[in-house]
Amino acid sequence: MEQNKFNYVKVELPSKFGKMGLALLLIGVVAAILAFVLEPARASFSSLLLFVYLMGLGMCSLFLVALEYLTDAVWSVAFRRISEFMTPLILIAPIFAIPVLFNMHDVFHWTHEEAVQSDKILQWKSPYLNFTFFLIRFLAVIGIMALFFYLIIRHSGKQDANPDQKYTRVNIKLAAILMPFFGISITLISIDWLMSLEPHWFSTIFGIYYFAGSLLSAFAVLTLFSVKLKEWKILPDFLGRDHFYNLGALMFAFVNFWAYIAFSQLLLIWYANVPEETYWFIAKFNGSWQYFSIGLILVQFIIPYAALVSQPSKSDFKRLKIMSVWIIFAHLYDLYWLVMTTFVTSGVVFGWIEIGFIVLGIGVVMMMFKFVYSKRNLIPVGDPKLNRCIDFHI
Amino acid sequence: MESKKIYSVVGLFDTADEIIHASEKVVEHGYKKFDIHTPFPVHGLNQAMKLKPSPMGYFALVFGLTGTAIALLTMAFMMTFDYPLNIGGKPLFPLPAFISVTFEVTVLLASIGTVLALLFVFFKMPHNSHPLHDSNYMKKCTTEMFGVCLEAEDEKFNEADARSFLENLAAKEIETIYIEKEEVPAIFSKPFIGFLVFTIVLVSGATYFVTNKLMFMQPFNWMMDQHRVDVQSISTFFPDSFSMREKVEGTVPRGFMPEDYKESPDSAGMYLQNPLEYNEKNIALGKRKFLTYCSPCHGNLAKGDSRLLDNFPKPPTLHSKKLREWSDGRIYHVITFGQGVMPTYAKQVTREERWAIIQYIRTLQKALNPAEEDFNGAK
Chain Y
1 MEQNKFNYVK VELPSKFGKM GLALLLIGVV AAILAFVLEP ARASFSSLLL
51 FVYLMGLGMC SLFLVALEYL TDAVWSVAFR RISEFMTPLI LIAPIFAIPV
101 LFNMHDVFHW THEEAVQSDK ILQWKSPYLN FTFFLIRFLA VIGIMALFFY
151 LIIRHSGKQD ANPDQKYTRV NIKLAAILMP FFGISITLIS IDWLMSLEPH
201 WFSTIFGIYY FAGSLLSAFA VLTLFSVKLK EWKILPDFLG RDHFYNLGAL
251 MFAFVNFWAY IAFSQLLLIW YANVPEETYW FIAKFNGSWQ YFSIGLILVQ
301 FIIPYAALVS QPSKSDFKRL KIMSVWIIFA HLYDLYWLVM TTFVTSGVVF
351 GWIEIGFIVL GIGVVMMMFK FVYSKRNLIP VGDPKLNRCI DFHI
Chain H
1 MESKKIYSVV GLFDTADEII HASEKVVEHG YKKFDIHTPF PVHGLNQAMK
51 LKPSPMGYFA LVFGLTGTAI ALLTMAFMMT FDYPLNIGGK PLFPLPAFIS
101 VTFEVTVLLA SIGTVLALLF VFFKMPHNSH PLHDSNYMKK CTTEMFGVCL
151 EAEDEKFNEA DARSFLENLA AKEIETIYIE KEEVPAIFSK PFIGFLVFTI
201 VLVSGATYFV TNKLMFMQPF NWMMDQHRVD VQSISTFFPD SFSMREKVEG
251 TVPRGFMPED YKESPDSAGM YLQNPLEYNE KNIALGKRKF LTYCSPCHGN
301 LAKGDSRLLD NFPKPPTLHS KKLREWSDGR IYHVITFGQG VMPTYAKQVT
351 REERWAIIQY IRTLQKALNP AEEDFNGAK
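Protein chains in written order, with this note's numbering: chain Y, 1 to 394; chain H, 1 to 379.
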């Protein structure tokens with residue numbers, strides 16, 4: 001078997017990374033506990049927001065790994081581990097859903113028995129929207145995703161010690177099997193945890209809307225870590241502008257994809273003008289929410305679009321770093337817009353509780369990355385495609 | 001020929017590595033206007049040549065934004081200012097509805113504009129020849145070798161220097177390319193212009209012929225021109241030249257048998273008999289016609305309670321004692337000649353249908369005011 005010409009030497013992450021992650025994690029945990037003691041309802045919404053963000057990020061990172069196997073992509077082999085390091089979020093994110101499960105009444109209107117009894121629509125929906133089935137779906141999604149996470153990532157890891165092509169072959173099959181399960185799972189997460197916040201409302205494009213945003217954030221996180229690791233000289237030198245150009249281009253593509261989906265949803269609902277659909281958007285134009293809603297177009301579409309549209313900007317490290325941070329927060333903005341309009345209908349509310357949970361999320365991702373990084377190789381040294389990745393040019 | 005202008009000095013190399021090395025040297029030496037020709041794409045050549053990013057993006061941007069502006073302004077002018085239309089209660093400037101079209105026009109103009117810019121700005125249409133065409137150098141470059149072309153337009157260019165420079169790089173073959181002659185673009189040549197004029201005359205002439213002449217030619221006219229007199233045309237047969245004739249006195253055209261008893265409804269009631277047999281088929285026909293022509297005023301059950309009530313002289317019920325005692329012929333007279341406000345229905349309802357309607361009216365009357373004997377056998 002041909003040996004890879006790349007000789008991997010493990011470099012430690014800068015110590016400030018771990019310290020900062022730990023600090024953010026601790027601040028976040030303290031803030032979250034304090035928030036649950038003081039304002040349980042508001043904290044539940046924030047916790048839900050964090051769960052939905054991290055779950056989407058974890059699942060879409062797994063999707064990216066599977067996509068690379070499935071499409072036989074070459075350029076991304078050296079980046080794949082960064083996505084793989086994000087996939088444990090599939091197991092970590094549900095922790096933030098647990099407080100919500102104990103606080104269902106504050107968050108989900110459909111859990112109120114008396115409201116359902118006096119409401120014809122909710123009665124019709126109750127075979128789906130009831131707590132038991134909700135919990136079953138939640139556990140099923142986590143179970144299936146965790147299974148694929150375990151199998152795909154384990155095979156990828158085993159290949160480092162034993163560079164055998166059979167692991168790649170098995171993972172390609174697993175990736176193909178994953179795809180339909182992934183599509184259904186991410187749709188269920190979006191319907192259960194985001195759409196059912198307004199149980200009367202429905203939108204058939206909503207699953208894809210959440211998927212588009214989550215995949216965008218997965219790309220942004222991947223790009224941010226890649227650029228930072230490149231800055232710290234941890235990523236090997238062969239990863240040059242041509243490799244990073246693909247990250248930038250895909251990020252740009254998914255900015256457009258998100259905008260396309262978001263606009264399709266708006267256009268159809270606006271054009272059909274059916275009251276049971278439009279009220280969701282009308283609620284999002286209440287009070288100061290209207291500026292927030294219009295800002296969403298600017299934040300998640302126009303600014304990243306303009307910043308990434310030209311060819312050189314897609315491989316400019318500084319631009320990529322700024323825009324990946326921007327997009328990570330733009331997706332947060334998007335989810336905040338989806339979740340918080342249910343909590344406060346009158347206008348935007350943003351305070352230490354929300355910031356605390358965001359800090360907690362960043363801390364979790366950083367500490368998780370540090371932990372997984374210490375256990376595993378950053379470059380899949382046994383991957384048969386690595387040589388072609390090293391030689392990759394546009 | 002002393003006046004031959006130099007286009008460039010070219011050198012050929014054997015391998016891709018050599019050409020990358022050569023292009024690095026060319027850049028180092030300070031040449032700005034030069035080109036590399038290879039038989040297949042060579043990775044890393046862009047970097048070695050220090051090529052700037054292609055300016056095509058700016059053409060795409062400008063044309064795309066032009067498309068955006070054209071689409072939005074056109075739609076806004078038409079839908080908002082020139083002919084404002086309220087469509088489904090949407091605002092007069094419905095931006096979300098415009099976005100799709102704007103996007104399409106943007107993409108269309110950007111792509112068309114990019115192709116046109118490519119052709120006219122970079123490929124210098126309508127010029128279609130190049131000094132390198134048909135040269136030995138280009139033949140080699142498209143098959144087996146890698147070439148460097150140092151163009152004479154460059155400030156640093158000097159034929160002797162360029163040749164010695166390429167020799168130092170160990171180029172296999174070195175050649176000087178001359179500009180043969182000032183090219184006259186093919187579209188300005190006389191045959192092409194003649195061809196254009198010919199095409200213009202032919203196409204417009206053919207269009208005129210087809211739309212104005214051919215369309216009105218009759219391939220055959222056996223059905224158009226027949227041996228009969230057309231309505232309102234002059235007759236050459238009759239002395240008074242009228243093609244429309246009056247009836248011959250004392251005759252009746254087929255299907256136009258005049259109605260009797262026009263002025264005497266009582267005689268009609270006395271002498272006219274219902275010619276139709278009372279059966280389900282006739283009653284069903286009567287029902288259909290009654291619901292079409294009678295029910296709008298008399299009501300579905302002939303009670304005089306139609307939806308026209310209070311908006312129209314009150315139509316009478318057909319269940320009154322008078323009506324029930326009227327003979328079929330008397331009712332027939334009313335339908336045929338009208339009564340009071342009710343106009344004649346002779347035009348809309350045929351004789352047979354009129355009798356059928358009367359059968360249906362009788363059925364309704366029996367249903368609402370049954371006589372004792374109607375219950376016979378139903379006890």
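Be a bit skeptical, because a hint or two may be false.
To be verified - Keeping only pairs whose Cα atoms sit at most 25 Å apart, straight-line, the calculated DMTMM-like set for lysine to aspartate or glutamate is:
{"hint": "1", "chain 1": "H", "residue 1": "K52", "chain 2": "Y", "residue 2": "D316"}
{"hint": "2", "chain 1": "Y", "residue 1": "K125", "chain 2": "Y", "residue 2": "E39"}
{"hint": "3", "chain 1": "H", "residue 1": "K25", "chain 2": "H", "residue 2": "E249"}
{"hint": "4", "chain 1": "H", "residue 1": "K25", "chain 2": "Y", "residue 2": "E276"}
{"hint": "5", "chain 1": "H", "residue 1": "K90", "chain 2": "Y", "residue 2": "E276"}
{"hint": "6", "chain 1": "H", "residue 1": "K52", "chain 2": "Y", "residue 2": "D391"}
{"hint": "7", "chain 1": "H", "residue 1": "K139", "chain 2": "H", "residue 2": "E175"}
{"hint": "8", "chain 1": "H", "residue 1": "K50", "chain 2": "Y", "residue 2": "D237"}
{"hint": "9", "chain 1": "H", "residue 1": "K52", "chain 2": "Y", "residue 2": "E276"}
{"hint": "10", "chain 1": "H", "residue 1": "K50", "chain 2": "Y", "residue 2": "D242"}
{"hint": "11", "chain 1": "H", "residue 1": "K52", "chain 2": "Y", "residue 2": "D242"}
{"hint": "12", "chain 1": "H", "residue 1": "K90", "chain 2": "Y", "residue 2": "E12"}
{"hint": "13", "chain 1": "H", "residue 1": "K156", "chain 2": "H", "residue 2": "E167"}
{"hint": "14", "chain 1": "H", "residue 1": "K262", "chain 2": "H", "residue 2": "E352"}
{"hint": "15", "chain 1": "H", "residue 1": "K124", "chain 2": "H", "residue 2": "E167"}
{"hint": "16", "chain 1": "H", "residue 1": "K50", "chain 2": "Y", "residue 2": "D391"}
{"hint": "17", "chain 1": "H", "residue 1": "K172", "chain 2": "H", "residue 2": "D17"}
Claimed, not checked - One side only, chain H facing chain Y, incomplete, derived with CB under 8 Å:
{"hint": "18", "residue": "P39"}
{"hint": "19", "residue": "A48"}
{"hint": "20", "residue": "P53"}
{"hint": "21", "residue": "G57"}
{"hint": "22", "residue": "P91"}
{"hint": "23", "residue": "A97"}
{"hint": "24", "residue": "I99"}
{"hint": "25", "residue": "T102"}
What the hints assert, rightly or not - Negatives, chain H to chain Y, calculated, CB over 10 Å:
{"hint": "26", "residue": "F81"}
{"hint": "27", "residue": "K90"}
{"hint": "28", "residue": "T251"}
{"hint": "29", "residue": "N274"}
Don't read these hints as lab results, they were simulated from the structure. Here the structure is a predicted model, which is why all the values come from computation and not from measurement. Heads up, the beta-carbon is just placed ideally off N, CA and C, and yes, glycines get one too.
Hints violated by the structure (numbers, ascending): 2, 3, 4, 9, 12, 15, 18, 19, 22, 25 and 27
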